[in-house]
Structure formats: structure tokens, C-alpha cells
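Number of protein chains: 4
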Amino acid sequence: MHNCQFRVYYEDTDAGGVVYYANYLKFAERARTEYLRDVGINQSELAEKDGILFVVRHVSLDLKKPARLDDMLSINTNVEKIAGASIIMRQEISCGQIDLAHLSVKIACVDTNMRPARLSDNVKSKLV
Amino acid sequence: MHNCQFRVYYEDTDAGGVVYYANYLKFAERARTEYLRDVGINQSELAEKDGILFVVRHVSLDLKKPARLDDMLSINTNVEKIAGASIIMRQEISCGQIDLAHLSVKIACVDTNMRPARLSDNVKSKLV
Amino acid sequence: MHNCQFRVYYEDTDAGGVVYYANYLKFAERARTEYLRDVGINQSELAEKDGILFVVRHVSLDLKKPARLDDMLSINTNVEKIAGASIIMRQEISCGQIDLAHLSVKIACVDTNMRPARLSDNVKSKLV
Amino acid sequence: MHNCQFRVYYEDTDAGGVVYYANYLKFAERARTEYLRDVGINQSELAEKDGILFVVRHVSLDLKKPARLDDMLSINTNVEKIAGASIIMRQEISCGQIDLAHLSVKIACVDTNMRPARLSDNVKSKLV
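Protein chains in written order, with our numbering: chain R, 1 to 128; chain Y, 1 to 128; chain H, 1 to 128; chain X, 1 to 128.
Excised from the complex, chain R in its bound form (with noise of 0.2 Å):
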């Protein structure tokens, strides 16, 4: 399991007092980047050489309690399933002892033409 952590600033509250809502998604997918760079997965080098994007095709978000300013999140993240041309992804955000969100992230691999392709097996091996 991968866990970073990231400050709530005022850029992601709204006027309800809280994290808007679509902000959750922000802060999953920097934790999802620092978790390929921590295993050494480099998107940038993975487009450049082997023509291998990855695009976000579903996203299930429960929010259980809001976050607020100045909160410093918790995000863990884990690979939940790898198959031939996508991965899902899960991951939990919370705030000290206080659980707030749950998101499920699938992952598809795709060429530069966006269809699907085949994760090879070094990227594999880095995922499990």
C-alpha cells in the first residue's frame, strides 16, 4: 500500500466550508502519480517510448464527511486488480482518525491512437 499526504488549501474548499467535491479527484490522482513514480513508473518515458498512455475510463467516489481548509489529507492507494489493458485502482482518503472518501479508479492502457494495448510485462511486475 501507497500513502502520501497533501494540505487543504483555500483553491479547494468551496462556499459550503468544504472540499468541492470534484477536488477529491485531484488529490487521488496526485497520490496515483506519486505512486507510479514510487514504483518507477514513468509516465512521461512510458508515452515517449512505447507510445503507452493512460486514461481514466471510471471513477466510483463515496464521500462519507467533508474535508475542510487547512485539513491535512491521507491518501492511501493500492492496485485492487491488474488485467490485460487496464488496472483498477483503490483509494482512501481520510483525515487523522476520520475516514472521508473511497474511490475506485479503472485505468485503461491505450496507444496514441487511444485503442486499447496491452500492458507489458516490466509495468507489470512493478505494479503487483
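Simulated from the structure, these hints should not be mistaken for lab results. Positions of the beta carbon are idealized from the N, C-alpha and C atoms, including for glycine. Please note that a few of the clues may not be correct.
[To be verified] Here are the in silico distance ranges between beta carbons for each label pair:
#	chain 1	residue 1	chain 2	residue 2	range
1	Y	124	H	65	36 to 42 Å
2	Y	49	H	99	26 to 32 Å
3	H	97	X	83	45 to 51 Å
4	X	84	H	104	26 to 32 Å
5	R	51	H	68	32 to 38 Å
6	X	82	H	17	25 to 31 Å
7	X	58	R	7	24 to 30 Å
8	Y	49	R	7	32 to 38 Å
9	H	68	X	49	22 to 28 Å
10	X	125	Y	45	43 to 49 Å
11	R	44	Y	111	43 to 49 Å
Place chains Y, H and X on chain R using the hints.
Here is chains Y, H and X on its own, set in the frame of chain R:
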């Protein structure tokens, strides 16, 4: 069914050349707000007079094709289900004949202490 | 003078209950894009055919009064000055009779290597 | 001089392949918030106890070079001037040896009715 349209500007796109995935949730919320305004539900008034707020509890987002800079997005919004203290809305985002994204959004009705609150008959009657 | 209008949604506000300061730059850019579209300057076409891009070099932003949720913002856009390879635009954002923000934006004309490029007579004639 | 660093993620970029111009104001505000936190000024506390808010009145933004995806931005923040009811901060954003953007931000101190309020000696002493 309610429809409204929004243009894609630079702010909505990312370095992949397409609309950033979290921003579909922004377009969807603009559309839900316009829907509520059109059926005569004023969220600020509801909050002040009745102490009732709508909060998003769950989002399911399917991304089919990417939207791009300058696209005029068309968003259809339907109330799929009304329960005692929640509403499920279904939204479809397209550009011309191209189907881009589908969302299902569960919205809870809460009081100012964030406890579940029943939808009034007046509000319900406007949503049907 | 060119005018266009945009509604303030939750995404534009912050926990202070007003429009987040950076978002005035988003509204201003939407207005400049609509201005260019209306005078017949297609930025994508300019980039593809002539290899010419517009990039913002300087912004001066004066914030007079805060905009709030549901406000309908009115934005006036004027070309203040056209030089060989740059344009200065002046923009005013208001809501009803209330003056909210003023911007002065310097836009440079560059080629695909980001070197200054002269504005063509055709483009200049549309801006005057 | 205060320094902090922030990574550029997809959310910060636009279809031009670079950081969207309004987002430099987001990075700058994160840096000002961290600066205030580090010198012991808690904005939420200031608001609750003293009824004092900081609001941005003017921003001058110079864009020198574009930041790109994955760049680690370094932001220097200095208090340039302290007046009775306002502060001017100067901020410089760079990546490695490359100077990207300069900002000058005038922040006013106001009471809860948005009228100018004097900075307390306690707050002033922390800013010098």
C-alpha cells in the same frame, strides 16, 4: 429531461490535450444547479429558510470519449429516483452526436448539523 | 467593446464564501476567448496554419468587491494597445451595478519555438 | 525569506502543455499560507478571536517561462512592505535554475464587515 450547454475553455483541459477528468464533475454540477433553478428550487433559500442542504454522497463517472478545447458540451440531467432523504440524478454529457460521459450522482438532503433530513413535499413535487 | 456573461457556481467559490481570487483569471480568459471568436480570430487555426500562439506575459488584477455564488458576472473586454508582437487587453468584471474587478493583460504573439512573432496585418485589422 | 516547494500535476496544466496561467496564483497562495503558518500566524484563529481577515486587493503577475507537468516548483515569499492595514508580499517561482514567474500581492487586513482594520502589533512583529 433538462438540458444545458457549456463551452470547454483552456482552464478545463490538461497537458494530455483533453478535458481533465475531475472537470466533468464541475460541468455536471453546473447542470444540476441550472436544473434546480429551472424547476424553482433555490438552494440558498432552502438553506436559509428551511435549514436544508443538498450534499453529494456518491458519484459514478463513466468516461467514454474525451472532450477537447472549444467543444460545446451538452448535458442532459434526469431525476432517476427520489427517496425520503436523497435523490439520484443521472447525467449524460455529449458533444454533437458523440457520447462523452455518463454520471450517476446520489445527493443527500441534510440539516445544518449534517444529519439526514426528509425532502419536503414541496421540493419533491418540483423534482418529479 | 465586447461583453459576455458567466454565472458563478460552487466550483468558483472558496471557504471564505466568495469567488477564489485566481478564478477571476479564468473568467477573464473565457471572455478574451469569446472576444477573439467574435471578431473572427480562431486560435487553433492560427496555431496550425501560421504557427502563431498567444501567450499571457503579464497580468495586473485589481479586486474591488467580492463576487458570490449565483452572481451573474458581466465582463467587458477592450483592446487597449496593439504593438508589433503583443496586445494589451483591459477587462472589467461587474455584477449588476457593482464594479468587482479590473484586469490588464499583456499577451505576446510567439512562434512554435516561443520566440516573439509579429502580428499579421490580417489579425491586427480584426483587433482594431 | 521563506521557501516552499510544490509539484506540478495534470490538474495544473492545460492543452497548451504548460501550467495554466491562473494556477500560478494557486501556487502563490499555498506558499503565502505556509509562510504565515511558519511565522505563527493562524488565519482561522485570527478570524475567530480577533475578527480579522486577510483579503487580496491587487496582484501583479509576470510570466517569464512556462512550468510543465512534473516540474517541482520552488517559491520564495518575502514581505516587501507593511502598512497600517495592508501588506505587500513579493513572490518568485522557479524550477531548478530557471526563473518562471514573479508576483507582487497586496493583502488588506479587514474586519468582518470588510472595512479596513489595523494590523495588530503582535501580527506585525511576526511579519518583520
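Inset, instruction - State, for the Cβ atoms of residue 49 of chain Y and residue 99 of chain H, whether the hinted interval 26 to 32 Å holds or is violated. - result: holds (31 Å)
Legend entry - Cβ separation of residue 82 of chain X and residue 17 of chain H, checked against the hinted range 25 to 31 Å: About 27 Å separates the Cβ atoms of residue 82 of chain X and residue 17 of chain H, which means 25 to 31 Å holds.
Inset, instruction - Go ahead and decide if the range 24 to 30 Å is satisfied by the Cβ distance of residue 58 of chain X to residue 7 of chain R. - result: holds (26 Å)
Inset, instruction - With 45 to 51 Å as the target window, see if residue 97 of chain H and residue 83 of chain X comply at their CB atoms. - result: violated (30 Å)
Inset, instruction - Evaluate the given range 36 to 42 Å for the C-beta pair formed by residue 124 of chain Y and residue 65 of chain H. - result: At roughly 38 Å between Cβ atoms, residue 65 of chain H and residue 124 of chain Y fall inside 36 to 42 Å, so the hint holds.
Inset, instruction - Go ahead and decide if the range 43 to 49 Å is satisfied by the Cβ distance of residue 44 of chain R to residue 111 of chain Y. - result: holds (48 Å)
Legend entry - Outcome for the supplied range 22 to 28 Å, where the beta carbon pair is residue 68 of chain H and residue 49 of chain X: Given about 25 Å between the Cβ atoms, the range holds.
Legend entry - Assessment of proposed distance window 32 to 38 Å (beta carbons of residue 51 of chain R, residue 68 of chain H): violated (47 Å)
Inset, instruction - Evaluate the given range 32 to 38 Å for the C-beta pair formed by residue 49 of chain Y and residue 7 of chain R. - result: holds (36 Å)
Inset, instruction - Kindly confirm whether 26 to 32 Å is satisfied by the beta carbon distance between residue 84 of chain X and residue 104 of chain H. - result: holds (27 Å)
Legend entry - Whether the CB-CB distance between residue 125 of chain X and residue 45 of chain Y falls inside 43 to 49 Å: holds (45 Å)
In summary, the numbered hints that this structure violates are 3 and 5.
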